[in-house]
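Visitor: Position chain B relative to chain A; hints supplied.
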Amino acid sequence: MKKTSLLNIKANEKVRIIEILGGSNLEKRLMSMGAYKGKEIIKLSHIGLRGPVVIKVGRSILALGHGVAAKIIVEK
Amino acid sequence: MIKKIYLIGNPNVGKSVVFSRLTGVQVISSNYPGTTVEIAKGDLELDSHKVEVIDLPGTYSLDPTSKAEEVAVSLLKELPRDEFAVINIIDSTNLERNLLLTLQLIEEGLPVIVSMNMCDDAVHRGIHIDVAKLEQLLGVPVISTCAVTGSGIKSLIQRIKEIKPYSRNKLNHKERWLEIGKIVEEAQRLEHRHHNFREILEDASVRPVTGLIMAAVIVYLAFKFVRFLGEGIISNITDPIFFNFYQPLLEKLTFLWQESGFWFHLLIGDLINGKIDFKQSLGVLTTAPYIEFGMVLPYVVSFYFILSLLEDIGYLPRLAILLDNLLHRLGLHGYAVIPVLLGFGCNVPGILATRVLESKRERFIASTIISIGVPCIPLQAMIFGLLGQFGGFYVVGVYLVLFSLIVILGLILNRTLTGYSPEFLLEIPSYRFPPLSILLKKLYFRVKWFLIEALPIVFLGVLFINILFYFKLFDLVTGIFAPIIQGLFGLPKEAVVALAIGFLRKDVAVGMLMPLNLTANQLFIAVTLLAISFPCIATFVILAKELGFKALFKSSVIMIGISIVVGSFLNFVVFR
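Note that the protein sequences, when read in sequence, are chains A and B.
Per the numbering used here, the first sequence runs over residues 1 to 76.
Per the numbering used here, the second sequence runs over residues 1001 to 1576.
Isolated chain A (complex conformation):
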């Protein structure tokens, strides 16, 4: 049970969201797109060094900017 940000997870790993940092607006937006605390997600890829992170939530694929991905705390 290791807590870390979405940036530090390898591609194709399944993790659970445990916290979303950085204001309620971001949390609300992610929540309405299906990514909420307690939800299991799969990290699909990470483009480049400071590029966006692509995740799979339920049946949708979301692209998150680097800064957004840093604010999503997950555990394996």
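If you are wondering where the hints come from, they were derived from the structure by calculation, not from laboratory data.
Keep in mind that a hint or two might mislead.
Unchecked claim - Result set (DSS-like, lysine-lysine): computed pairs, CA atoms no more than 27 Å apart in a straight line: (1) B/K1224 / A/K28; (2) A/K56 / B/K1174; (3) B/K1174 / A/K28; (4) B/K1067 / A/K28; (5) B/K1182 / A/K28; (6) B/K1174 / A/K3; (7) B/K1133 / A/K39.
Claimed, not checked - Covered stretches of chain B (chain A as the covering partner; in silico rule of three or more C-beta atoms under 8 Å from a C-beta of chain A): (8) 1057-1065; (9) 1201-1208.
C-beta: ideal position from N, C-alpha, C; glycine also.
Guide: Positioned in the frame of chain A, the structure of chain B alone reads:
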């Protein structure tokens, strides 16, 4: 009595396609979130009275987090509840996420009917939804529809009459997601299947290495195909019509006409070696139609064909992911690639599409970049036609100059403008393969829009220019600006007129350069200046409307400055 019907749903679930089906009003729809930037309205005949149908921008929930969502939510509060109905459109391939909004709508007590759209696509993906069960669980009418083919739309219209406000316990977000989990569990059955080819492609396009390879191949092929199709139309269709049919006809008509008269000058223009030359005569009946129909229109058709295809397949958001890194440095995020690509067709829809970007700062940067560094397809067509004669090297050169300008300008604007640019957060749609008929309809719609916008300005513009020429009124302007044009840019003083016409229309402006017999280098400088200096009048108006006059002024100062710097740089340093 129902007076209005609102279409509401998550982004990219096909609201606009349903809207077109209900009202017959054709609107542009694409396979990416945020295509609808302006609220479309149309009429539907319901029990022999007219009802207004309103297509709202996509929204994920009723707690708005963006401007588009705010607009959608506020409109729902305008009328008393018995005077409107809400059609909630759902993407059947993604029931779970879509139900959040549905539950909120029902909890609010709004008169809702659910349209389970893209039902055929769901079946293809092995998703089976029990519509009757869902109807029972939600307590509101649910109709399975496929707006692209039109199936289910009739029963949707019939059941609108059944709509009444329902009630349901209000839940918080967490409870709602739990509830949704239960509903999905009961109403949806998934077939277990292996990854098919489409899913493998979807996956590959969002991974770094395979994604970049795919992007390079797709962008290269798209560019090649636009040129191939454009040139094909010119050499097989439009040129034969102009040279084998239209020219002999015009020459017969003008055989007995006195050559130096006012009307001859206006309509036919100058004869070159005793003959009409479509590229050099500059008459309202000769060069004007040749520029628009013989040089520009073929490329407008081929460009919009490819753009519409990429849009409807759903490739563009994947390109946005790959470019996010680069665009971030320019103060934008990946999604800015959509307005930029639209800008390559015409800057006007490109600047309108900057509404998908959240902050004012991003919109200013994107709009300025589009109006300076993104040449519209009519201008590009003229560049291919004219500069291409000297070799593809020059054409590529123009694009390289423009691309470097975009990057430099973006870097500077990002450093100097106050405020910050928000982060990228975007849903990536699955690939869809629309029927050809839908694609052709969209193409027709866009080409028609182009002709309506362009033709009056082109014909009236050429007429007006010829009148000014006839009375030698340009000499004054030419005299004033000649030192800059000749001294700094190395162009003949007649080019002043062409550059000034650029404010009217870029394609006509390049057309005015045709009789000047410029060298390759001079032509290169002139078309580059046309691309980066003032945008045409239509773009100018939309810039003022979207950004306000203060920002427009700032943007214009940047344009003039850059034009002078780039023009002199090319003249004194590159082509020395």
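Visitor: Each of the hints needs a verdict: does it hold here or not?
Guide: Results for each hint:
1. Of the pairs offered as hints, the one joining B/K1224 and A/K28 is violated, with about 43 Å between alpha carbons and a cut-off of 27 Å exceeded.
2. Proposed proximity of A/K56 and B/K1174 is supported: the alpha carbons are some 19 Å apart, at most 27 Å.
3. With a CA separation close to 11 Å, the supplied pair B/K1174 and A/K28 stays within the 27 Å bound.
4. Distance restraint check for B/K1067 and A/K28: the Cα-Cα separation of roughly 14 Å lies within the 27 Å cut-off, and the hinted pair is therefore satisfied.
5. Restraint check: the Cα-Cα separation between B/K1182 and A/K28 comes to about 22 Å, which is no more than 27 Å; the hinted pair holds.
6. In summary, the hint linking B/K1174 to A/K3 is supported, as the alpha carbons are separated by about 22 Å, within the 27 Å threshold.
7. Distance restraint check for B/K1133 and A/K39: the Cα-Cα separation of roughly 26 Å lies within the 27 Å cut-off, and the hinted pair is therefore satisfied.
8. With a cut-off of 8 Å between beta carbons, the stretch 1057-1065 of chain B has 4 residues touching chain A; three or more are needed, and the interface restraint holds.
9. Closer than 8 Å: that is the beta-carbon criterion, and the stretch 1201-1208 of chain B has 5 residues meeting it against chain A, so the requirement of 3 holds.
Checked against the numbered hints given earlier, this structure breaks only hint 1.
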